[in-house]
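Chemist: Top line first, the protein sequences correspond to chains A and B.
Residue numbers for the first sequence, in this note's numbering: 3 to 353.
Residue numbers for the second sequence, in this note's numbering: 3 to 353.
Because the hints were derived from the structure by calculation, they are not lab data.
Cβ atoms here follow ideal geometry from the backbone N, Cα and C, with glycine treated the same way.
Be careful, since some hints might not be right.
Facing chain B, from chain A, some residues (calculated, C-beta under 10 angstroms) [said to hold, decoys possible]:
1. 120
2. 150
3. 271
Far from chain A by the CB rule (all over 10 angstroms, computed), these chain B residues [to be verified]:
4. 47
5. 76
6. 208
7. 223
8. 225
9. 328
Protein chains: 2
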Amino acid sequence: MSDKVRIALDAMGGDQGPGVVVAGADLALTRHPETEFLFFGNAALIAPLLDARPALKAASKLVHTDIAVRMEDKPSQALRYGRWKSSMWLAIDAVKKGDADVAVSGGNTGALMAMSKFNLKTLPGIERPAIAALWPTLRGESVVLDVGASIGADADHLVDLAVMGAATARILFGHDRPTVGLLNIGVEEAKGLEQVREAGAILREQKLPGLDYHGFVEGNDIGKGTVDVVVTEGFAGNIALKTAEGTARQIGEYLKGAMSRTLSARIGYFFARSAFRQLRELMDPRKANGGVFLGLNGIVIKSHGSADAEGFAAAVELGHGVVRDELLAKITAALGRPGKPARQAVGGVAS
Amino acid sequence: MSDKVRIALDAMGGDQGPGVVVAGADLALTRHPETEFLFFGNAALIAPLLDARPALKAASKLVHTDIAVRMEDKPSQALRYGRWKSSMWLAIDAVKKGDADVAVSGGNTGALMAMSKFNLKTLPGIERPAIAALWPTLRGESVVLDVGASIGADADHLVDLAVMGAATARILFGHDRPTVGLLNIGVEEAKGLEQVREAGAILREQKLPGLDYHGFVEGNDIGKGTVDVVVTEGFAGNIALKTAEGTARQIGEYLKGAMSRTLSARIGYFFARSAFRQLRELMDPRKANGGVFLGLNGIVIKSHGSADAEGFAAAVELGHGVVRDELLAKITAALGRPGKPARQAVGGVAS
Numbered sequence: 003m004s005d006k007v008r009i010a011l012d013a014m015g016g017d018q019g020p021g022v023v024v025a026g027a028d029l030a031l032t033r034h035p036e037t038e039f040l041f042f043g044n045a046a047l048i049a050p051l052l053d054a055r056p057a058l059k060a061a062s063k064l065v066h067t068d069i070a071v072r073m074e075d076k077p078s079q080a081l082r083y084g085r086w087k088s089s090m091w092l093a094i095d096a097v098k099k100g101d102a103d104v105a106v107s108g109g110n111t112g113a114l115m116a117m118s119k120f121n122l123k124t125l126p127g128i129e130r131p132a133i134a135a136l137w138p139t140l141r142g143e144s145v146v147l148d149v150g151a152s153i154g155a156d157a158d159h160l161v162d163l164a165v166m167g168a169a170t171a172r173i174l175f176g177h178d179r180p181t182v183g184l185l186n187i188g189v190e191e192a193k194g195l196e197q198v199r200e201a202g203a204i205l206r207e208q209k210l211p212g213l214d215y216h217g218f219v220e221g222n223d224i225g226k227g228t229v230d231v232v233v234t235e236g237f238a239g240n241i242a243l244k245t246a247e248g249t250a251r252q253i254g255e256y257l258k259g260a261m262s263r264t265l266s267a268r269i270g271y272f273f274a275r276s277a278f279r280q281l282r283e284l285m286d287p288r289k290a291n292g293g294v295f296l297g298l299n300g301i302v303i304k305s306h307g308s309a310d311a312e313g314f315a316a317a318v319e320l321g322h323g324v325v326r327d328e329l330l331a332k333i334t335a336a337l338g339r340p341g342k343p344a345r346q347a348v349g350g351v352a353s
Numbered sequence: 003m004s005d006k007v008r009i010a011l012d013a014m015g016g017d018q019g020p021g022v023v024v025a026g027a028d029l030a031l032t033r034h035p036e037t038e039f040l041f042f043g044n045a046a047l048i049a050p051l052l053d054a055r056p057a058l059k060a061a062s063k064l065v066h067t068d069i070a071v072r073m074e075d076k077p078s079q080a081l082r083y084g085r086w087k088s089s090m091w092l093a094i095d096a097v098k099k100g101d102a103d104v105a106v107s108g109g110n111t112g113a114l115m116a117m118s119k120f121n122l123k124t125l126p127g128i129e130r131p132a133i134a135a136l137w138p139t140l141r142g143e144s145v146v147l148d149v150g151a152s153i154g155a156d157a158d159h160l161v162d163l164a165v166m167g168a169a170t171a172r173i174l175f176g177h178d179r180p181t182v183g184l185l186n187i188g189v190e191e192a193k194g195l196e197q198v199r200e201a202g203a204i205l206r207e208q209k210l211p212g213l214d215y216h217g218f219v220e221g222n223d224i225g226k227g228t229v230d231v232v233v234t235e236g237f238a239g240n241i242a243l244k245t246a247e248g249t250a251r252q253i254g255e256y257l258k259g260a261m262s263r264t265l266s267a268r269i270g271y272f273f274a275r276s277a278f279r280q281l282r283e284l285m286d287p288r289k290a291n292g293g294v295f296l297g298l299n300g301i302v303i304k305s306h307g308s309a310d311a312e313g314f315a316a317a318v319e320l321g322h323g324v325v326r327d328e329l330l331a332k333i334t335a336a337l338g339r340p341g342k343p344a345r346q347a348v349g350g351v352a353s
């Protein structure tokens, strides 16, 4: 790593395309001036946006490509037309070649994971990569993984997730030994899914350095912030994440309705408007934007497809942070735990 | 069924015990005067509570038992000391014997499910019972099942859940053909868990009467109310339910904090207080209290352990509604679908 943090951007990813990506990078640059950007995408669209931002332009390189991955395509389709030459592939490839320290894309999640895996390959001993989400809680934030990179997990994969999640939490939250919980449908040792119980036994017995195993947690513990790291396989994790998003939106709608129904409520809203603004910020998914792909020979950050410039900047800054603190090196070191069965990397991404 | 709706109550269930159960029954009776109650529990505690409520006492019978199932015991332990003689068992047994039309308990969920299964047995062709939750949504309410009776489900069990959930939704919401969605981690047909894809193929091809198959739904669709019935296996369903509860509590805490932080916010809160009351009611878990155990030869309702009298009354009234509308008969009729593989009832409850 050079003194600079070098970030490769898929400028065509996301629902809004280059406008949001360039504006987001610009915001991130003002907060982290030692950043350099590599933009991949349609130069005819991106160059004028950079021209309008001289400071950003001075810190950036632009690589043209005609090919952009579509949001609605399956990973296999995206790989077929987008491998070697799409903006998404080239951003990942910059990490592979050492031209960038991290790649950020707001594009098609399945395609991004498939290309990341195909190009970067999984770390030694890691069978399947994972997506870690930053989840706002009553205590601050927690890392929740896997939120949908793959379906199902045996005990050993859950332990890998615990190790990778703890390394991420150490960097993001600055705790020496983050607390780790296994998501289950009851907190007693005898409850729930067999693989989860097995993973619990391994974590309890092995007392791995760098994490403090808490035990099982339930769905309602995530929002409480009971632990720093919540570990689950990708199916349940994705459903938990999207259910929480849906519930937050639902309550936001209730609140909007309740506050506009009567004159008195509207007066109340007027007086409390700064409190409501604060609440909106706490509930703002843009502030916690960015899933981190873990378990690969390189770090890739997925920004929410619907993020605006502020949201995309949050994802870029997340990438900046994990590079600064050498997440990849720390994960690689932490994964070499004693007694871990040898595995070979295998194919297959949730499609 | 007689003209009366006869409800068996485990008076010792729940965190608060007989006080809440008796007060809840009293509330339900004022709204549904044709109800009769069978109370099971410690007569020394219950009789004075009934004496203080003459109308309820006149509509009730009280059966004494010393034995109450503890909230923290495993199902196997509860069965050992509570079978034949606990208040929970006797309430279920009243349904079995035909002395009551439905049983309601706020006690230990695992024990209640184990005893219900042991005593009532599953319906012909149903391998495992399910817990259906009523979930408040932006469109009203949806039925979500299974929220934790058993872990894992093959395609045919998911189809059974769809059929039972649709029968419940027909009764509770009065739709002829409720819409049914399968919970998955993407809405495309090729996505997600294999069993879910298979169940989708069966539902699409068989075009079962009494339900309108919508396709896959994601976690955020639950709160939106995209479909009337959300079908999933018990592990993911339980995690979704508890994650939503946790998120609602989290936002409630944010809101409370934001509204008390400044004088202006407190003034705003004062003017908008009726709007906040309305919001609290919309978010009130007591209003949607009651999981329905489906797939057994008899209906058992689980009330939330922490419910107060109003919450317990909601569970009792849910029981009243499903009896009035003959849920059990309708489910039994709906389950006899063509092409369904024969199954035998087997043991094993999530413990």
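Chemist: Taking the hints in turn, state whether each one holds.
Modeler: Results for each hint:
The beta carbon of residue 120 (chain A) comes no nearer than 19 angstroms to any beta carbon in chain B, farther than 10 angstroms, and the hint placing it at the interface is violated. For residue 150 (chain A), the shortest C-beta to C-beta distance to chain B is roughly 5 angstroms, which falls under 10 angstroms, so the interface hint holds. Annotation: interface hint on residue 271 (chain A) holds; nearest CB of chain B at approximately 6 angstroms, less than 10 angstroms. The claim that residue 47 (chain B) is not at the interface with chain A holds, since no C-beta of that chain comes within 10 angstroms of its own (minimum 28 angstroms).
Not every beta carbon of chain A lies more than 10 angstroms from that of residue 76 (chain B), the smallest distance being close to 7 angstroms; the non-interface claim is violated. At roughly 25 angstroms from the closest C-beta of chain A, the C-beta of residue 208 (chain B) stays outside 10 angstroms, upholding its exclusion from the interface. With a cut of 10 angstroms on Cβ distances, residue 223 (chain B) falls inside the contact zone with chain A, its closest approach being about 7 angstroms. Listed as a non-interface residue, residue 225 (chain B) fails to keep its Cβ farther than 10 angstroms from every Cβ of chain A; the least gap is roughly 4 angstroms.
At the 10 angstroms boundary, the C-beta of residue 328 (chain B) stays outside the reach of chain A, the nearest C-beta of that chain being 31 angstroms off.
Checked against the numbered hints above, the structure violates hints 1, 5, 7 and 8; every other hint is satisfied.
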